[in-house]
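**Student:** Chains as they are written, first to last, in this note's numbering: chain A, 1012 to 1111; chain B, 885 to 1162.
Since the hints were made in silico from the structure, they are not lab data.
Bear in mind the structure is a predicted one, so any value in this text is a computation, not a measurement.
We put the CB at the ideal spot given by N, CA and C, even for glycine.
Fair warning: there could be bad hints in the mix.
Stated by the list, open to error - Just a few of them, taken from the derived set where beta-carbon distance is under 7 Å, the chain B residues facing chain A:
#1 Phe926
#2 Trp969
#3 Ile1107
#4 Ala1110
What the hints assert, rightly or not - Computed list of chain A residues with no C-beta within reach of chain B, every gap over 12 Å:
#5 Ala1026
#6 Arg1027
#7 Ile1029
#8 Glu1032
#9 Glu1080
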Amino acid sequence: MIAEKYIARSSAIAARLIGGEMMIMSAVDSTFFTLNEVATVIWQAADGRTPLADIVVNRICPEFEIDAEQAGRDAEQFVSELSQHGILLVSETPIMPEAR
Amino acid sequence: MNSTSQLAVGDAVAIGIGGMAIALHTQDLAFRRLLEDRYAGFIEAGSHPEFEFDVDLFEASDQFEPSQTKHADDDVQVSLQGGQWVLRRGDFYARWDARAGRGRIRQSRNPYAVDSVLRIVHTLILARQGGFLVHAASAIRGGRAFLFAGVSGAGKTTISRLAPPDAALLTDEISYVRRAGNAYEAWGTPFAGELAKVGENQAAPLNTLFLLEKGPENRIEEIAEADAVRLLLRNILFFADDPELVSLVFRSACEFVEKVPVRRLIFVPDKSVWEMIR
């Protein structure tokens, strides 16, 4: 059985939607990211309670008409990259607000 | 007897930048006069400074050639320790209690250390007010201020040198941007670049931020807001290793781009470029 993956936005970041693009800056090391539309949806849905797989199936696939397998791979890659910079927190269990 | 210097009366030199006076106290008359010369046009006599620093000099100026320290802001370290800001570089060490409004600078006898301390202190203050210092030339024309931002070599000095007589040059190197209600103002600074000339001590509502780029013709291009934020952040001066202030600066840059037009200015280095800046 594959474990669920939960994602949550770190509290050590600043983010803002500018001109339709989500811009994120790490308050720790000033790393700067601009997210594309798909990544923005994942980011906004990263509430620590919704499994990543559900975000992909319920939000990404219908909104962008992408097949679930491809969307899942892209989401995993995106989550992995942002988590390496401490922008997203990843856990196999729900992430409580105080843990962010 | 020299009675012409206001600085000889007290032990402080109050330097007003961006509408905010910072007093530097020193018992060393020669150093006070050096400051008076360096910040001519920005000295505020009889004002009540918002912040004050005691300056202790150590005799090590021979170790710090101006060419080594003048533009070495990259070398500074700024951190919050025990409620006080600690600022350090090879030629100075300073502590500043922002709440008390007082601090102390220990530095060699060169004005570049003071320059750097002032820039750092202003960036810390502005970060909480929605403003910032930015690598940009700036000028007032027709009652409106224009910023010309860019990294070294982008053309800040060139466009400053080409400014027509009816333009008041605020700086050729580091511009001062303050939030004013729902808009922004640009203020003159004494922080000079290659022109080696302090700016006019004036302020005006900010009209446009131009991102400079030399090219084969003069033209102004629209720029996406996200790109504008990214490029603006690249030019904002900020030194503190402090997550809260990093977030504030990011927010300031975003809010600035939402309120002030940001354009790319591609220009031929001759006076004709100023025909587009009105």
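**Student:** With chain A as the partner, please determine if B:Trp969 meets the hint condition of a C-beta pair closer than 7 Å.
**Tutor:** Since the shortest Cβ distance to chain A is 17 Å, the answer is violated.
**Student:** Would the non-interface assignment of A:Ile1029 survive a Cβ cutoff of 12 Å against chain B?
**Tutor:** 5 Å, violated
**Student:** Decide, holds or violated, for the assertion that all CB atoms of chain B are farther than 12 Å from the CB of A:Arg1027.
**Tutor:** 5 Å, violated
**Student:** When the nearest CB of chain A is found for B:Ala1110, is that gap smaller than 7 Å?
**Tutor:** With a minimum Cβ separation of about 4 Å from chain A (threshold 7 Å), the hint on B:Ala1110 holds.
**Student:** Verify this label for me: A:Glu1032 is non-interface relative to chain B, using a Cβ-Cβ cutoff of 12 Å.
**Tutor:** 4 Å, violated
**Student:** With 7 Å as the cut and Cβ atoms as the points, is B:Ile1107 at the interface with chain A?
**Tutor:** 10 Å, violated
**Student:** Quick one: work out the minimum CB distance from A:Ala1026 to chain B and report holds if it exceeds 12 Å, violated otherwise.
**Tutor:** 9 Å, violated
**Student:** Against chain A, is B:Phe926 within 7 Å by beta-carbon distance?
**Tutor:** This interface hint is violated because 30 Å lies over the 7 Å limit.
**Student:** Evaluate the condition: distance from the CB of A:Glu1080 to the nearest CB of chain B exceeds 12 Å.
**Tutor:** 30 Å, holds
Hints 1, 2, 3, 5, 6, 7 and 8 from the earlier list are contradicted by this structure; the remaining hints agree with it.
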